[in-house]
Every structure is written in structure tokens, then in C-alpha cells.
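J.: Given next are the chains, with one letter for each unit.
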Amino acid sequence: MSITIEKIHKTFGQFQALKDVSLEIPEGKLTALLGPSGSGKTTLLRIIAGLESADTGRVFFGGDDVSKLHVRDRNIGFVFQHYALFRHLTVAQNIAFGLESLPRKQRPSKQEIAERVEKLLEMIQLPQLADRYPAQLSGGQKQRVALARALATQPRILLLDEPFGALDAKVRKDLRRWLRALHDEYHFTSIFVTHDQEEALELSDQVVVMSQGKVEQVNSPTELYARPDSRFVFDFLGHVNVFSGVIKNQKLVQGDAWVSLPGARGDQEAQLYLRPHEVQLSRSPSANARLPLRIESISLIGSEVRIELAPQGWQATELWETGMSHTEFALQNPTRGELWYAVPNVGHIFVGDSHQPRTVNWNYQDAANASNM
Amino acid sequence: MTSDNKRRVGDQPWVRRSLISLALILTMTFLVIPIVVIFAQAMSAGWSTFAGNILNEYTLHAIGLTLFVALLTVPLNLVFGTALAWSVTRFKFPGRKLLITLIDIPFAVSPVVAGLLYLLLYGRNGWLGGWLSTHDLQLMFAWPGIVMVTVFVTCPFVARELIPLMQQQGSDEEEAGVVLGASGWRIFRKITLPNIKWALIYGVVLTNARAVGEFGAVSVVSGNVRGQTNTLPLHVELLYQDYNIVGAFASASLLAAIAILTLVAKALVEWRQAKSENSALEKGDV
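Chain order of the listed sequences is A and B. Residue numbers are given in the numbering used here: position 269 of the first sequence equals residue 269, and the series is strictly consecutive. Here the numbering used here runs 1000 ahead of the position in the second sequence, where the first position is 1.
Do not take every clue at face value.
[What the hints assert, rightly or not] Calculated Cβ distances over 12 Å to all of chain B for the following chain A residues:
1. Ser22
2. Asn75
3. Val79
4. Glu112
5. Val346
[As the list claims (entries may be wrong)] Under the rule of at most 30 Å between Cα atoms (straight-line distance), these lysine-lysine pairs were calculated in the DSSO-like manner:
6. B:Lys1092 with A:Lys7
7. A:Lys105 with B:Lys1190
8. A:Lys29 with A:Lys7
Hints in this document: simulated from the structure, not taken from any laboratory. Glycine included, every Cβ here is placed at the ideal spot set by N, Cα and C.
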């Protein structure tokens, strides 16, 4: 069932939690609501569920206006951030709760309920824990039980509020994979709230980035990472290296450091955004840039060597970061304290107050220059 | 010994010993000995006199009235306290903080003042008294008045037990219930009630103890008519003023017995409460 959100406004006292939010959630897809705390993502989820009412605006489930429908009658599955398992009921009783709450006419018989619960317990791979109480479960187990409970009444929409927030890294990864597999098997429409960009990009089919009560960008994970269309999305999705300066003579200049910007017109302030993988390190400046940096730290764990660098002779609010393959690392042998130069391949430039970036590709220009010669 | 193991380096043993003995001495002088004296005095003229005093017509009536008042007060305050705790912990509305403070008025106000206030309002010369008497309704100097002031004096107990607990538990579980399609009544019965059960019972035990023992407010509005509006605490005082010391102590021993029973019940409930909170940990995880 697709979900349509139309011009939702919501205020809490003086605080405007959602400002004119409109959104399409496609049927059968896993959508992430991503944003920092206070961006309104949880409020939006609760409004979709009906746990909170919007000041103005409407919510549609598959074309039906459900704005006035009580949460009880919306038939959605909801997984709470802290699971909210019923502490005085066993795991099996927790899972059966939704089925037992159905109106008498739709309610399955006791035996059918028991069978359904058993199947759900198998689905979450915890059949041996049916008679345990929530306090006797680990975080990951609680999360699975919460999911089984939400899915027991076979809702066509599943909403998850920070589903993996309270779990440790290892369990989180397992559960993410498991949820993705579950989703692919049952094809309900799911929305989950998260502040973890990695989680959003890895798990979802569509990411909705939110900030200060507004939708910043809606896109597939690949598109979103490759083509963020605002500074906020850029900053929020993964690490970004920023070089700010003034455009002079087709160059972006700050102190002694500069980057060539062919075609740029002068005397405007601008910021160049570079992803870690869009920058390479070299022991000497290139023809396109002179960005001296000193190596601050080297992290060897992972598929790539991660290097943090501090600008030398120019300023940046955060350290720069880039990666290097282990093979190249062994070859070049960079060490802490050494001076290196950043060589950009691709970058995204924001000129003046503009919110839309322009992408610059130096490799392409090199190639173009070469062919012109 | 574990207690020795726990002692910090350099702590003086005599400080510990003298503090413990001081606490014990004070408890004995002010709490235990008086209670023992009550029972000793009640029995001082022998078992048959004690039984005679208790089975006295007026004493029996006082016992009956006291139990009747408690029987009406406890359920009233149970419903009132639960509704109040629910509304201030589950809803946000202007004046919510004020309401939480107002609950404590009966604790802050002397019971005698409370009695006088009711007299002023509902008594024959009171603001509502004229209207009441034209409709032939007598509240003061009759059992309804006694119930009213007892409800007033005991109304904070249940709410005060529930509010912090319900605040701490939050409304997540109830929200989960409503998302799963449960009706309001089903949520209350299956989710809320089991979670607050022991605090509720604890509140009831305290309410009952206070309802049975209330003196000040009741003495103002009851009129002290023997065999009609005399509750057990008032009866003790009447007997004492009649120089019937043994009779007074016999009735007092009943009140003391109720108090001891209350303490036992309270300890049991506290023990159960702690157990239900820790049960999961005690059973252990696999």
C-alpha cells in the first residue's frame, strides 16, 4: 500500500516540528527517514501511524484519506525505539496480543492464534524463547519480538522508529540484513526512522533526508550519495572535505592554497566540497591544485587505509579525510607528521549563497586539455 | 564477615556502633514500648474484662462504623487516585503541574482544619447547609460527613504511589497496545493494571490504615454520638474521658492490631513489588 503525505504542518507550542511536508512513499519499498535529532522525522512517522495528529495536511494510504482514522483502525505495524514490549506478558503472549485484540468476528480461534504465534517465532528464529519475559531477553532478541508482534496482524504498512538505535554494532549489522531479507520476502511498505546515514543508505530503497522540519531531498541511496543537492545533505551524508575561499583568475584561493576552477568568474566566495574518495594524496602539488596537508592520523582497520589530515597554511573547520588502498599504502608508506598534497578528481562547488552545487571534474578537464593540445 | 569487609579504611568502629545503638534505643522508647504497653494495659484486668470491653454494644458499633467508613473510602480513593494519576501522567494540559501540587493539600492541611472547612460548607449554618436541610439531607454529624472528611484526608495516598511509577514507565506500552488495535479498556486491563498492580495495592493499604485511624477531621464533623456517629478512634477518647482506662486501652489495642497488620501487609507488598521487578534478573538469562 503506497502512502501519500500532503502538506503536513505540526507545531509543539512554539516549536515548529514539521513545515509543509509532502511526500510519496512507494508501495512495497523500504524507505528511510534520515535526519539529525530535531529534524521532525519521528514526528512524521508518528503522524503517519496516527499516534500524533497533524495541525493541517492529510495522510493517504493507497488513495484512502486516513487523516481522521484512529490509530487502532489503521492496521499498521509499529516498532518502537525502545521496543515497548509488554513486560508482564511472555514473548508468545506479546506476539499474540494484536490477534487477540481483533474484533470478535475477525479474531482467529485460540488454536489458530497459537499456530500463528509459533510461525512468527520461527520467522524470528526464537521458538525456544516463547515463555520468557521481555526482561529476560537481550536487546537484539527484544527487537525481533517487537517485529514479530508488529507483523502478527499482517499489516500492509510497517513503521519502525530508530529500530537499531539501542543495539551494539555487531547485532545491528545482523538485524539490518535480517530485516532487509524479511522485507524482500513479505513486501510490505516500510518506513524507518534513523539518524545513521550508513544504515539509511545500506538498508533502504529510498531515502528521505529531513532537516528542521522540512524534506531536503528524496532519492535512491546511490543518487543521494553521488548527487546531494544541498549543503545540508552533503554535510550529513558521510564525511566531506571542505575548502572555502575566493574565486580569482579561475582559481579558488585561500592563502597559499588554491584549486583551479576553469570557467569560474571572479571575486565571489565559494566552497568546494570533496568526498574522501574524490581526493588523492601526492607528495607534490598537481597542475590543478595546491593543497598542502599534514598527516594527523592513520587508521589501518578496514578495507581501506583511512588518513586524517590537517591543512597547512590554510584553514578548514574540520580535518580532511581520505582513503588509500592497502597496496598503495605499502608502496608510498606515508607516516604521521609528513606533508602531503591533496589532488582532487571530482568536486562540488557552491558559489556565494547558492544551495545548488556545480560538479567539477578535473580528470575530464585534463583529458579535454590533452586532446586540445 | 561481609560487613567488616565492606568497612572503609580508617572508619572508626565506635561511630558505627553508637549510631546503631542510638537508632535502636529511639525505636524502642518511642515506637515499640508504647505499643507493648497498649496491649499490656488492655489485658491488665484479665481476658474476660478485655472481651467484655470489646463486645460492649457501643464498641461493636464503633468497630462497625469504622469498617463501614473504610469500606466506602478505599474504593472511592482507588478510582479517584488511579484516574488522577492516569490523567497527569498520560496527558499534557495547562495546569497539570498545579494539579500534582494540589493533590498534596490533604497532607499539608491539619485534619482539624479540613473538618472545620467541611462543617463551614455543609453544616446547618454553612454555605450549602441551607439548601441541604431544605432537601432533608444531613451530611454533617452523620456518617456521610465522616466518609467525606475521611476521603479528603486519605485521597493523596493512591495517587502519590502511582504518579512516580507511571511517569517512570512512560506510555510506550500503552501506545504499542493501541497500535495493535486494543480498546482502551483492554489496554488498561491487560497492560496498565498489571504494571501498576503492586503500587496500587500499596496505596490501598496506606489509605485503609489512615481511614481507620483518622481522628481529627472525623471528630469535628461526627458529633460524637455514642452508638451512632462514633468511630473507633473517637470511641477510645470517649472511654478515656469517662475514666474507663482499661476499656479505652482495649479499643486502642484493636487499632494497634490493625496498624500492625497494615505494616505486615505493607512489608509483604513491598517484598512482592521488589520481587516482580527483579524476577527476571533472579531467574537469570541463558
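J.: With reference to the structure, classify each hint as holding or not holding.
T.: Taking the hints in turn, this is what the structure says about them:
no., hint, verdict
1, Ser22, "holds, 24 Å"
2, Asn75, "violated, 7 Å"
3, Val79, "violated, 9 Å"
4, Glu112, "holds, 17 Å"
5, Val346, "holds, 46 Å"
6, B:Lys1092 with A:Lys7, "holds, 26 Å"
7, A:Lys105 with B:Lys1190, "holds, 21 Å"
8, A:Lys29 with A:Lys7, "holds, 22 Å"
Figure legend: structure checked against the earlier numbered hints; hints not met, in rising order: 2, 3.
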